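From first to last, the protein sequence lines are chains E and U.
Mapping the first sequence onto the numbering used here, position 90 (from 1) lands on 90, and the numbers just tick up by one.
In the numbering used here, each number is its position in the second sequence, counted from 1, plus 299.
Since the hints were made in silico from the structure, they are not lab data.
From a predicted model like this one, the values you see are computed outputs, not experimental measurements.
Each hint should be verified, as a subset may be incorrect.
Computed list of lysine to any residue pairs in SDA-like fashion (alpha-carbon distance at most 25 Å, straight line) [what the hints assert, rightly or not]:
| # | chain 1 | residue 1 | chain 2 | residue 2 |
| --- | --- | --- | --- | --- |
| 1 | E | Lys206 | U | Leu488 |
| 2 | E | Lys287 | U | Leu492 |
| 3 | E | Lys206 | U | Leu582 |
| 4 | E | Lys287 | U | Asp633 |
| 5 | E | Lys247 | U | Thr323 |
| 6 | E | Lys206 | U | Ser573 |
| 7 | E | Lys247 | U | Leu492 |
| 8 | E | Lys197 | U | Arg581 |
| 9 | E | Lys197 | U | Thr323 |
| 10 | E | Lys247 | U | Leu582 |
| 11 | E | Lys206 | U | Asp633 |
| 12 | E | Lys197 | U | Leu579 |
Which bits of chain U does chain E cover? Going by a derived footprint, with three or more residues having C-beta under 8 Å, they are [claimed, not checked]:
| # | segment |
| --- | --- |
| 13 | 395–408 |
| 14 | 572–580 |
Here a beta-carbon is modelled for each residue, glycine too, at the ideal position from N, C-alpha and C.
Next come the chains, spelled out residue by residue.
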Amino acid sequence: MSSSEKPAASSSPDVELYPASEHDVHIGVSFDTYRLLRPIQGKIRAENLLWNSLSHAGVRETWEAPLRAIQSLVGRDRTIWTVVLDHESGALSWEIRVLNDDDGRGALGVFGPLREALMPGVELPAVESLPEYAVLTLRFDATSAQSPAMAIELHQPGATPRQMQLSRIDGDGLHPIGHDVALHPKRDIHDVLAQIKDSRFVDYSKDRQLLGRALVPELFACRRVYVGRRDDCDVLGFSGINIDQLKFVHARFEFPEAMRAYLNDHRDRLEHIMFDVTTEYVGRDGKIANLRTGFRSCF
Amino acid sequence: MAIDLLVMLDDDGPAPGALRGSSTPGPEFTPRPFLDFCRGVGETLPYERLVFVGDGEPLERYGFSAVEAAHEAGFRNIRLHTRPWRLTDPRQAYAVVNTGVSEICVGLHSTDPELHDRLCDRPEDFRAAQRCLRNIAKLEAEASVHVVMTRANLDQLADIARLAIESEAQRVEFWAHAPLDPEPELRELLAPLDELVPRLLEAVDVCEAGRVQTAIHHVPVCLLGRAGALVDNHEPHDFLPRADSRARPRFNCLHEAQCDTSEICLGLSHAHVSRFGWELERLRPAPRTRPWRARDRSVVRIGEHGSAPHGHAQWLALLGPHAEGVEGIVLTRDEARYPMQMPDGTRFDLLVTARDETSRTFEQSRSFNLSYTDVEGSAGERAIATFLEPIFRTITANDDGTLSLDARV
């Protein structure tokens with residue numbers, strides 16, 4: 001681990017917990033800083049949830065070193081992690097976001113040194129050049145434990161200051177996959193509703209209840225809503241939710257029981273942190289069908 | 300400000316707004332902290348009313364001593380929420396009132412005994428409620444009838460109001476059913492607004508004609524017309540805060556930032572939204588005449604306190620002349636929050652917590668850590684620090700150790 005402090009033993013002798021420290025910074029999906037909700041005495045870092053999810057899927061041993069390498073490269077608390085649950089397969093996958101904010105990194109931006117840090121242990125797409133981008137996303141899942149591989153995505157500024165365009169990168173080049181728009185849930189509600197209803201996947205005019213199922217009331221009270229469009233689904237992100245909302249997400253979206261128990265067990269030690277949640281969905285048989293749901297913080 | 304302090308003696312008694320006791324256990328009540336609280340209150344009572352809730356063994360063990368302690372501390376407005384079977388014996392009802400309880404809240408959810416008992420999930424509760432109301436009518440205490448409006452009892456709301464008036468209740472409170480439990484049976488009881496509102500307005504007319512006080516909880520103000528003035532959504536402080544803040548129903552409205560009544564209206568319960576949607580076509584937001592700001596959850600009744608800053612005088616006095624610049628105070632066990640706005644429109648909460656050397660903070664006074672949080676606007680940290688500097692200086696000068704906050708987090 002790159003951080004200087006050692007993980008503390010939890011009540012369970014098998015589990016290490018990384019304690020919160022004065023140096024912790026908490027960032028949301030747009031790399032904006034969240035203030036602490038509680039004093040940090042007795043608290044633990046959000047990254048414990050990441051390591052627990054990897055342990056739950058049996059791939060912590062595979063991925064801890066690469067993730068620590070990323071952390072070492074970009075700096076502590078400058079990497080956003082997401083734990084994603086696929087609702088159809090029940091499989092977990094992960095997403096790592098880093099900001100491409102250093103002009104001195106060459107033609108590939110932050111991807112260049114990241115590739116050097118991760119290879120040869122982790123397979124990455126062969127990319128020779130990249131357009132200008134703001135954020136780099138690396139994705140991996142538990143199936144690649146034998147031959148670790150990551151897919152990459154770029155986030156580029158969109159048509160408006162609130163919009164980000166997303167593209168997947170592979171050996172064939174850049175493939176646009178959608179966009180996200182960041183809005184204040186209450187102040188910008190007209191835009192939020194217009195963006196949500198402008199959907200290829202859900203016909204909200206057919207059933208008034210659908211909006212309540214997509215724009216989940218328990219998460220509406222958040223800092224920012226991210227309304228996104230993908231090739232195969234719509235996306236809603238709720239940025240700046242508290243620990244109890246995260247607990248709600250674990251229950252509502254049926255995260256594995258062991259992960260729910262872990263969150264419940266450590267709820268009081270994580271209540272100082274704000275988290276982000278994202279869910280991908282389509283309309284199916286007159287209902288909202290959630291395809292994937294993820295929760296985020298940083299390490 | 301919070302008007303009420305809610306003291307949950309146990310989870311068996313139905314809390315305000317609930318049909319039944321809570322299915323999720325809350326923190327255990329032990330008498331010592333409450334007795335210490337009562338001994339510690341000064342001449343200026345920190346709450347207008349104490350609300351005790353219980354129906355189990357802790358109520359039996361600690362109820363009388365807790366009420367006695369509150370009465371000795373100077374509280375004269377003490378409400379008891381319990382199940383009516385506890386007060387069907389006139390001697391028991393007399394003993395409770397004689398100890399200091401000034402108001403007893405009785406659930407009455409139907410004029411049909413069978414339906415009432417089913418809603419409460421308690422056989423014979425209806426008959427017990429009637430006996431209980433008769434007993435209270437003979438005592439120096441007020442009876443409040445507490446009606447949870449569900450799909451099953453909408454047709455009876457006016458008749459329930461008549462029955463309450465006949466039973467000499469002084470106050471009738473109508474609560475929109477807002478279940479926390481995922482149990483389908485409770486979700487099925489949620490009432491559609493287009494059916495609920497006309498029946499509620501009929502019942503309000505009955506109460507008005509009968510000259511009993513009326514309050515409406517958790518119904519959108521924009522649908523109530525003149526009766527919107529009866530909406531009372533103030534949220535009590537918990538003496539024993541639950542670890543999970545979602546242990547109480549939560550509400551939102553998509554029109555909040557556009558609606559002029561959003562400071563007094565909570566909107567729709569999350570359970571209602573999940574079942575019926577956000578009701579965008581039905582709600583009628585009143586166009587705002589003032590800038591919108593994020594909601595302070597301690598909502599007060601319309602016309603009760605006016606629009607001037609209000610709250611605990613001592614906590615406002617802590618800010619000296621700067622109290623004029625805050626929009627009230629949200630006081631909980633462990634923090635005091637003062638919503639503020641800078642001249643450039645940037646908004647934030649000035650946050651006062653118990654002094655703690657180990658936590659990150661901006662400034663410290665004798666008793667407190669002083670910081671700010673929830674910034675909305677363009678001002679940077681330096682500008683906010685400059686704005687706050689004289690306020691922190693005043694708090695530090697005024698903090699003489701007489702105010703305190705719980706350091707436990």
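Status of each hint after checking the structure:
1. At most 25 Å may separate the alpha-carbon atoms for a hinted pair to count; E/Lys206 and U/Leu488 meet this at roughly 24 Å.
2. Only pairs whose Cα atoms come within 25 Å are accepted, and E/Lys287 paired with U/Leu492 is accepted, the gap being roughly 22 Å.
3. The hinted pair formed by E/Lys206 and U/Leu582 meets the criterion: a straight-line CA distance of about 19 Å does not exceed 25 Å.
4. For the given pair, E/Lys287 sits about 42 Å from U/Asp633 by alpha-carbon distance, which is inconsistent with the 25 Å threshold.
5. A C-alpha spacing of about 15 Å is found between E/Lys247 and U/Thr323, which places the hinted pair at or below 25 Å, so the restraint holds.
6. Using a Cα cut-off of 25 Å, the hinted pair E/Lys206 and U/Ser573 holds, with the two alpha carbons roughly 16 Å apart.
7. With a C-alpha separation of about 30 Å, the suggested pairing of E/Lys247 with U/Leu492 is violated against the 25 Å cut-off.
8. Only pairs whose Cα atoms come within 25 Å are accepted, and E/Lys197 paired with U/Arg581 is accepted, the gap being roughly 18 Å.
9. For the hint pairing E/Lys197 with U/Thr323, the CA-to-CA distance comes to about 37 Å; that exceeds 25 Å, so the pair is violated.
10. For the given pair, E/Lys247 sits about 30 Å from U/Leu582 by alpha-carbon distance, which is inconsistent with the 25 Å threshold.
11. As the CA atoms of E/Lys206 and U/Asp633 are separated by approximately 47 Å, the hinted pair breaks the 25 Å bound.
12. Our distance criterion of 25 Å between C-alpha atoms is met by E/Lys197 and U/Leu579, whose separation comes to about 13 Å.
13. Requiring three or more residues with a Cβ within less than 8 Å of a Cβ of chain E, the coverage given for the segment 395–408 of chain U is violated, as only 0 such residues are present.
14. Coverage of the segment 572–580 of chain U by chain E holds in this model, with 9 residues showing a Cβ closer than 8 Å to a Cβ of that chain against a need of three.
Violated hints for the displayed structure, listed by number in ascending order: 4, 7, 9, 10, 11 and 13.
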